[in-house]
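6 protein chains.
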Amino acid sequence: MAKKVVTMGEIMLRLSTPGYQRFTQAESFDVVYGGGEANVAVSLANYGFDAHFVSKLPENPIGQSAINHLRRFGVNTDYIAKGGERVGIYYLETGASMRPSKVVYDRANSSIAEASSKDFDFDAIFKDAAWFHFSGITPALSETAAVLTEEALKAAKRNNVTVSVDLNYRKKLWTPERAKEVMSNLMQYVDVCIGNEEDAEKVLGFKPGETDVTKGELQLEGYKDIFKQMKEQFGFKYVVTTLRESYSASDNGWSALIYNGEEFYHSKKYDVRIVDRVGGGDSFAGGLIYGLLAKDDFKQALEFAVGASALKHTINGDFNLVTVDEVETLIQGDASGRVQR
Amino acid sequence: MAKKVVTMGEIMLRLSTPGYQRFTQAESFDVVYGGGEANVAVSLANYGFDAHFVSKLPENPIGQSAINHLRRFGVNTDYIAKGGERVGIYYLETGASMRPSKVVYDRANSSIAEASSKDFDFDAIFKDAAWFHFSGITPALSETAAVLTEEALKAAKRNNVTVSVDLNYRKKLWTPERAKEVMSNLMQYVDVCIGNEEDAEKVLGFKPGETDVTKGELQLEGYKDIFKQMKEQFGFKYVVTTLRESYSASDNGWSALIYNGEEFYHSKKYDVRIVDRVGGGDSFAGGLIYGLLAKDDFKQALEFAVGASALKHTINGDFNLVTVDEVETLIQGDASGRVQR
Amino acid sequence: MAKKVVTMGEIMLRLSTPGYQRFTQAESFDVVYGGGEANVAVSLANYGFDAHFVSKLPENPIGQSAINHLRRFGVNTDYIAKGGERVGIYYLETGASMRPSKVVYDRANSSIAEASSKDFDFDAIFKDAAWFHFSGITPALSETAAVLTEEALKAAKRNNVTVSVDLNYRKKLWTPERAKEVMSNLMQYVDVCIGNEEDAEKVLGFKPGETDVTKGELQLEGYKDIFKQMKEQFGFKYVVTTLRESYSASDNGWSALIYNGEEFYHSKKYDVRIVDRVGGGDSFAGGLIYGLLAKDDFKQALEFAVGASALKHTINGDFNLVTVDEVETLIQGDASGRVQR
Amino acid sequence: MAKKVVTMGEIMLRLSTPGYQRFTQAESFDVVYGGGEANVAVSLANYGFDAHFVSKLPENPIGQSAINHLRRFGVNTDYIAKGGERVGIYYLETGASMRPSKVVYDRANSSIAEASSKDFDFDAIFKDAAWFHFSGITPALSETAAVLTEEALKAAKRNNVTVSVDLNYRKKLWTPERAKEVMSNLMQYVDVCIGNEEDAEKVLGFKPGETDVTKGELQLEGYKDIFKQMKEQFGFKYVVTTLRESYSASDNGWSALIYNGEEFYHSKKYDVRIVDRVGGGDSFAGGLIYGLLAKDDFKQALEFAVGASALKHTINGDFNLVTVDEVETLIQGDASGRVQR
Amino acid sequence: MAKKVVTMGEIMLRLSTPGYQRFTQAESFDVVYGGGEANVAVSLANYGFDAHFVSKLPENPIGQSAINHLRRFGVNTDYIAKGGERVGIYYLETGASMRPSKVVYDRANSSIAEASSKDFDFDAIFKDAAWFHFSGITPALSETAAVLTEEALKAAKRNNVTVSVDLNYRKKLWTPERAKEVMSNLMQYVDVCIGNEEDAEKVLGFKPGETDVTKGELQLEGYKDIFKQMKEQFGFKYVVTTLRESYSASDNGWSALIYNGEEFYHSKKYDVRIVDRVGGGDSFAGGLIYGLLAKDDFKQALEFAVGASALKHTINGDFNLVTVDEVETLIQGDASGRVQR
Amino acid sequence: MAKKVVTMGEIMLRLSTPGYQRFTQAESFDVVYGGGEANVAVSLANYGFDAHFVSKLPENPIGQSAINHLRRFGVNTDYIAKGGERVGIYYLETGASMRPSKVVYDRANSSIAEASSKDFDFDAIFKDAAWFHFSGITPALSETAAVLTEEALKAAKRNNVTVSVDLNYRKKLWTPERAKEVMSNLMQYVDVCIGNEEDAEKVLGFKPGETDVTKGELQLEGYKDIFKQMKEQFGFKYVVTTLRESYSASDNGWSALIYNGEEFYHSKKYDVRIVDRVGGGDSFAGGLIYGLLAKDDFKQALEFAVGASALKHTINGDFNLVTVDEVETLIQGDASGRVQR
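Residue numbers (UniProt numbering), protein chains in the order written: chain L, 1 to 341; chain G, 1 to 341; chain B, 1 to 341; chain F, 1 to 341; chain S, 1 to 341; chain R, 1 to 341.
Keep in mind the hints are simulated off the structure, nothing from the lab.
Possibly wrong hints are sitting among the right ones.
Claimed, not checked - Simulated pairs of lysine to any residue, SDA-like, Cα-Cα distance not exceeding 25 Å:
(1) K82(G) - F298(R)
(2) K172(L) - V339(R)
(3) K268(L) - R338(R)
(4) K82(L) - K82(B)
(5) K180(B) - D50(F)
(6) K171(S) - D334(L)
(7) K4(F) - D50(F)
(8) K3(R) - V31(R)
(9) K102(L) - E59(G)
(10) K172(B) - R338(F)
(11) K172(L) - Q332(R)
(12) K269(B) - N260(G)
(13) K171(L) - D325(R)
Work the whole structure out from these sequences, hints included.
Structure below.
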């Protein structure tokens with residue numbers, strides 16, 4: 001029987017311009033629904049888990065459409081509470097070459113930002129669950145959301161559920177000070193911590209090295225030092241980061257680094273021609289959870305996560321619609337892209 | 001030189017499902033921008049006036065897109081203030097036959113709802129203006145918006161500008177009690193009042209007759225009584241209403257009634273096959289303002305308004321994209337729809 | 001807790017031309033998935049039941065897409081077997097005015113047509129189920145499908161499940177002789193029988209009256225005689241038919257007739273402007289099952305079914321995407337199609 | 001072996017706004033290619049004739065696309081000359097309800113308007129041909145086109161080809177005076193003359209009765225008088241007109257009248273819900289030519305022509321994409337629009 | 001007068017997801033019709049030949065659409081037989097970067113797979129023909145198709161027609177054993193043999209070298225050995241292969257190798273940014289046939305074929321829509337892609 | 001207050017095939033309006049200037065649509081004269097990889113080509129203007145257009161307006177001889193001259209070096225010699241050229257060279273992945289005018305121009321829809337294309 005895995009957070013309406021249109025050119029928006037933890041849930045459903053997404057959505061057809069979008073891709077939506085005022089929105093303009101993609105958020109006052117623990121029966125939710133994943137976005141949504149997140153984490157731990165976090169700092173949602181205050185406390189419940197240098201600094205206060213990500217350079221050494229500090233301070237089982245080399249909006253290098261307290265492992269690197277990079281980090285988290293649950297070796301888990309998320313960059317929408325077989329074929333070496341008949 | 005006319009209110013992002021899709025089927029939304037007074041401004045620009053729309057929009061690409069949409073159709077946007085958090089949204093699902101169109105609003109906390117009179121130089125705005133139009137939606141947006149509306153009205157009167165209102169009761173925005181409180185006060189500045197029975201009752205407290213609009217019946221007599229009361233209490237120069245007979249979501253009857261204190265005049269009635277009925281009432285207001293400014297006879301003004309708004313029902317989007325010539329051809333009797341080569 | 005209801009049959013890929021294009025004009029096909037019993041399952045899921053669809057689909061992305069389409073609209077797909085060669089297809093060209101819609105079937109050798117009872121655990125499927133629905137299409141798919149259908153029916157009866165059938169004669173699938181042979185036997189398991197005159201004649205051998213459906217005439221009297229015979233011979237609890245008056249491909253009259261052995265009841269009639277009439281009969285069956293399960297009065301059940309299926313004609317695709325509330329609003333009298341804000 | 005039929009004229013690029021968009025809303029144009037005689041050729045190819053279209057098109061990809069569009073629908077394009085400067089264009093905005101469709105022509109200086117008889121070997125073209133059709137548009141294109149048309153007609157007569165004309169007056173192309181001068185001369189070659197009252201007056205100088213077509217009234221009696229005069233003066237074998245009752249841009253009545261010198265025959269009338277009425281008259285001409293070539297009875301020929309062209313109104317684009325079988329089904333009485341499975 | 005060339009095989013309906021959508025995301029499919037030999041016929045028609053495609057298609061609108069698609073692009077369809085049950089289908093999902101394109105076939109029981117020589121008059125078909133081309137797909141469709149292919153080949157040879165084959169092994173259609181049995185026999189009729197290493201091994205039993213195509217490596221030496229064996233055993237005039245270096249689904253290297261029994265010639269190599277690579281091999285065959293018929297030098301023929309098929313990778317759909325001039329411009333050295341005004 | 005800048009020329013309807021379709025595949029055209037000087041005006045409006053476009057357009061809905069398109073993006077259209085026959089057209093097929101983009105012009109007899117100085121009040125137009133820009137296309141349109149251009153230039157100089165020209169030789173519009181005759185005379189009014197080698201040779205008669213642009217090579221030295229000659233002969237303040245290295249239709253190198261009479265400055269070079277390169281040169285001119293008006297340093301002006309026009313290559317349509325901030329971010333070094341949230 002499929003393992004039960006749980007993620008909790010916001011699912012937003014994503015309104016993106018078709019093709020490479022700028023916002024001011026758009027006469028229509030492509031519609032999908034997505035959000036950090038929802039995206040992770042879809043990855044996990046695709047890999048065969050009994051994936052549950054916990055959130056709150058208004059009782060209107062837009063909220064229903066978000067639910068339907070999740071159901072379509074196999075996520076169990078039974079734990080989604082109904083109520084509140086609105087579905088959060090983000091507008092997306094897809095960049096190309098030296099023109100960056102642009103995101104405009106309109107997510108204040110969404111149903112999940114105003115939800116409380118009365119909306120959920122967390123012990124039922126975490127009963128028999130193998131994994132719980134959340135991101136730093138969820139507690140940043142509002143003060144009640146921060147409280148809600150901690151209640152979920154307590155229940156998860158009560159039910160012996162492994163917990164992962166994607167730090168995911170969002171400067172539009174909170175200040176580094178507030179982030180540190182909230183997130184440092186939540187780290188006590190976390191087993192696996194995913195976050196890049198910016199996250200580590202803004203969310204947890206670890207000083208990054210001199211990496212200048214806009215220059216597409218990577219300084220693995222800088223990460224090692226930070227990872228050791230993070231492991232030491234919070235006792236994570238694994239500290240993990242993706243390593244994006246942004247050559248342009250069209251082409252990126254993509255790899256990842258994991259630290260298990262003893263050893264650093266840097267994955268294979270992929271050069272990806274980008275179709276849609278939004279959700280890339282979430283697909284990495286989804287792949288990593290699969291890998292750590294299904295594979296014996298944390299290095300193989302990382303390779304799965306990196307291959308899965310490399311593939312995500314070739315898929316439209318927030319969700320990573322790939323199967324375990326497709327990821328395995330890639331990581332076992334066939335990146336030739338030959339037609340499969 | 002073209003007469004200067006001014007409208008003030010909210011312009012929203014309208015997200016509508018293509019074809020006759022239901023919300024839960026939509027993979028894309030058609031994008032236009034519209035709102036009661038913005039729609040009126042576009043009508044007036046089309047008829048050759050120097051039409052100004054006063055509002056506030058955030059400094060982001062969505063706000064800019066709303067401005068561009070207005071500019072495209074000839075509206076002067078120089079008086080639009082920049083700032084605030086968001087562009088209000090309404091979702092639209094177009095009905096057919098016995099399935100009604102459905103609107104879901106997500107307009108709370110929009111920039112204009114949070115604007116104050118500091119954002120506008122009303123004396124500059126109304127200098128040399130011939131007309132000011134607003135609707136009952138604008139003061140309903142927020143308490144500050146109600147204050148803002150009165151300040152605009154005072155300035156308009158200070159500058160000897162004729163004022164029209166479309167009562168337009170919106171139950172999602174305020175209660176009848178609050179509506180009455182605010183709107184009764186604002187009526188002192190109004191010369192021309194447009195509103196149907198529901199508006200008259202909910203906004204101004206006049207008791208309607210027994211018309212049951214869902215049955216598609218019309219009781220002209222009931223209106224006459226109410227119109228007389230309205231004229232008496234508020235001293236309007238004209239009291240006007242559209243008369244919609246909703247046979248179905250696909251076919252409507254459409255006419256209007258005007259009262260100048262002495263005489264009632266019921267326009268010609270059109271049977272319209274509907275392409276998009278949203279903005280029908282606004283196109284009527286726009287046509288009426290044109291008629292009263294450009295024609296000698298209030299009856300001819302009404303016929304223009306009804307013809308213009310009948311045509312609106314055949315046009316996608318909130319805006320009524322017709323010329324004076326097209327309306328005149330229709331009201332002079334050619335409703336045959338023969339191809340114009 | 002939601003009642004469990006089960007339907008079984010084929011779900012096909014529907015490829016329809018956009019707009020009113022003819023097949024020879026099409027450069028793209030709109031894609032949905034549908035089929036008689038699948039459509040009924042979606043209706044039942046929309047009305048809040050725990051609706052299960054039983055079928056077989058190949059293990060390829062087209063089969064997966066059919067499953068996802070059902071999941072999106074709330075149908076439980078856990079009982080769908082995987083295997084076989086292909087998803088059946090039907091091509092649809094939407095007519096208008098005097099040009100009829102055209103369906104081209106390409107459904108031979110689909111997975112469900114080649115499925116056997118080994119693919120399903122019928123006792124698990126019907127455990128705690130309240131209703132089972134199938135149509136005359138399923139046993140017509142192949143000889144093995146006819147055997148499979150009877151095994152399902154036996155299991156349903158073993159588990160005390162109420163059974164309904166929609167006779168749905170398809171001349172491309174079998175001859176009247178073969179239909180009679182197979183279907184007459186299956187009627188012993190049926191409680192509620194839905195079928196029009198053509199079905200009654202071709203499938204069960206009852207001689208119709210002189211109704212000429214292409215002329216848009218209806219002869220209720222002819223039906224009464226047949227219904228009595230059907231009731232007598234097979235002991236149905238209810239015999240039901242929809243009554244379509246096909247004025248043109250764009251406009252139809254739509255009502256229904258039910259007989260409970262004592263009384264004939266002819267529903268309200270709706271004149272529908274058609275958006276998509278495919279699945280109209282299935283949406284009627286779905287509405288009827290809801291009505292008979294949720295309402296005390298078989299007449300009210302019929303009114304619900306007719307209102308629901310009238311609404312279906314305004315919705316694109318095979319599925320009837322309406323809620324109980326929307327149907328109730330219509331059958332309680334508001335067919336005005338006024339915008340719902 | 002299929003009969004050879006020939007038409008000659010202009011084929012234009014048609015740029016139409018999608019849906020019911022106005023020109024000023026369009027961000028894309030739908031593309032087809034069409035023109036009076038090209039449309040007739042497609043009808044004739046659909047009915048199984050060896051249909052040839054004679055024209056001239058520039059040697060560029062737009063000219064090639066026009067050829068491909070004809071080939072796709074079975075027209076033989078071997079007689080199309082290559083050269084000249086441009087493909088003529090017409091812009092089309094599709095109306096609805098009381099808003100008329102609008103055509104903007106941009107056809108001056110097209111290749112066919114500047115073609116001469118050196119571009120064509122008319123005796124080869126008309127060898128073994130059964131019919132030649134042209135319209136009043138072709139000689140109106142330019143002075144050289146008028147000369148070219150007469151040369152074609154002389155060659156047709158030399159080869160014993162039956163000739164039909166659709167008078168088709170276009171006020172943007174020439175004056176009534178010039179039309180009369182050119183067309184009166186060409187009538188000597190014509191066997192079958194199609195034209196409505198406006199054509200008869202503007203092109204041939206026959207005084208119409210008091211029919212006011214914008215009022216949707218029809219005065220059959222007025223036609224009879226004109227038809228007799230036309231027959232008398234030019235010796236036509238048949239004089240024919242379509243009778244359009246333009247209720248609105250969405251709904252028309254459609255029938256036709258034929259006179260064989262002895263008898264007037266008024267066809268069955270169809271009420272059509274319009275998808276695209278452009279090319280309606282051409283589809284009538286195509287149907288009439290088929291009818292007169294394939295049927296014994298001129299009344300049956302007329303019924304075929306009317307049925308065929310009624311169906312055209314339900315089909316997008318200039319071309320009438322229907323088969324003989326589809327027309328026969330309709331004229332034999334099935335206008336119910338029931339789905340054909 | 002244009003040379004007559006003939007190809008024979010299956011033309012399928014191709015249903016491809018728009019953009020880079022995965023199958024499970026698709027709400028519509030783009031529609032073209034294509035298949036190995038049909039694609040070759042279109043290339044040959046584009047190059048000015050009198051190109052005939054021989055096949056069988058059902059008498060329904062889908063079959064007609066396939067014919068129309070061929071006619072549009074200049075292929076003569078007079079030899080296509082009518083009858084049988086269905087048009088074969090292939091579903092296509094376009095890959096990007098490391099995600100491969102995916103093809104799902106649904107082609108069993110198509111009309112051509114069930115055709116027999118009674119459907120064709122091969123001596124008429126090959127009368128005055130200069131070339132006949134077929135692929136290894138056609139005899140693989142069914143046992144009757146294998147018989148049919150040999151009958152066509154015998155007739156071609158009877159009529160002194162040059163014959164080319166593209167070996168094109170399809171593992172979904174037959175085993176290497178069956179392929180060898182059938183194809184080895186057919187090789188006696190072949191003058192020009194096109195096939196890569198996999199084809200040579202699976203279809204003809206020649207042992208390939210150690211080339212691992214998934215690694216994007218090329219081993220020209222390995223080919224030379226095989227080519228010599230092929231030439232020796234079957235007496236081909238030319239043995240030819242394309243050489244694809246699959247860097248990713250987005251970028252490929254593309255060249256070709258030819259052997260005339262004396263000399264090996266390796267063409268120029270192109271690095272192509274891929275729009276649609278399906279039909280790349282067919283466009284090579286089409287270019288090669290053109291080259292061998294129109295050019296004196298087999299090396300120039302090969303360069304034409306490689307240039308033509310490099311261009312194909314930039315064109316949507318199965319067909320290579322380029323002219324001789326466009327190919328010549330490329331192979332004479334202008335690959336700069338500068339705008340042509 | 002924003003500086004007033006003026007450009008004058010033709011705005012055409014651009015009809016482009018969607019995606020990478022070839023013309024013969026297109027069933028629709030994407031619609032924008034553009035032209036050299038109109039594109040420059042839009043750039044200048046985006047950068048905050050009071051940008052005016054001077055032209056003439058017919059009084060029909062296509063002309064109005066061109067005006068609306070300009071207004072939408074902030075250009076003042078008050079100086080556009082109304083009249084004449086048609087809007088010029090250009091058809092665009094977007095290339096990829098080694099397949100070049102293709103432009104087919106159909107611009108003869110457009111309204112602006114037939115305009116005269118009576119249509120414009122040039123002294124009003126240039127009153128208080130800071131800059132006037134035109135291209136070599138405008139005087140090439142017709143003899144009257146050449147006269148009109150000189151009249152505009154005289155008025156500009158009379159009003160002390162700085163003048164720039166983009167030489168832009170178009171071989172379809174005139175011969176090098178005629179170009180030299182007209183343009184050499186106009187150079188007396190010009191302060192800033194933009195043009196590449198081909199322009200310098202064809203329009204002004206300066207002999208280029210041995211650069212072969214189709215080979216993607218650049219010979220800066222050759223330019224230096226020509227620039228000196230140009231400066232000497234015409235007294236330009238600046239001579240400027242863009243330097244395009246056309247690797248393929250998908251990827252270009254992009255930089256520029258400026259000469260102020262003393263110093264040559266070669267900008268940074270960008271490698272651009274192309275979305276739409278039409279209007280690239282115009283966006284460079286727009287950026288250069290901004291730079292020279294807003295920056296102290298001509299080198300910084302050039303960097304702005306190159307950065308702006310590099311970004312243009314990533315934007316659909318003729319217009320460069322970027323802000324000053326976006327260009328500054330790029331030229332200050334962030335070409336990483338990271339998502340902006």
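Quick rundown of the hints versus the structure:
no.	hint	verdict
1	K82(G) - F298(R)	33 Å, violated
2	K172(L) - V339(R)	14 Å, holds
3	K268(L) - R338(R)	22 Å, holds
4	K82(L) - K82(B)	34 Å, violated
5	K180(B) - D50(F)	47 Å, violated
6	K171(S) - D334(L)	19 Å, holds
7	K4(F) - D50(F)	5 Å, holds
8	K3(R) - V31(R)	31 Å, violated
9	K102(L) - E59(G)	14 Å, holds
10	K172(B) - R338(F)	16 Å, holds
11	K172(L) - Q332(R)	24 Å, holds
12	K269(B) - N260(G)	44 Å, violated
13	K171(L) - D325(R)	20 Å, holds
When each numbered hint is compared with the structure, violations occur for hints 1, 4, 5, 8 and 12.
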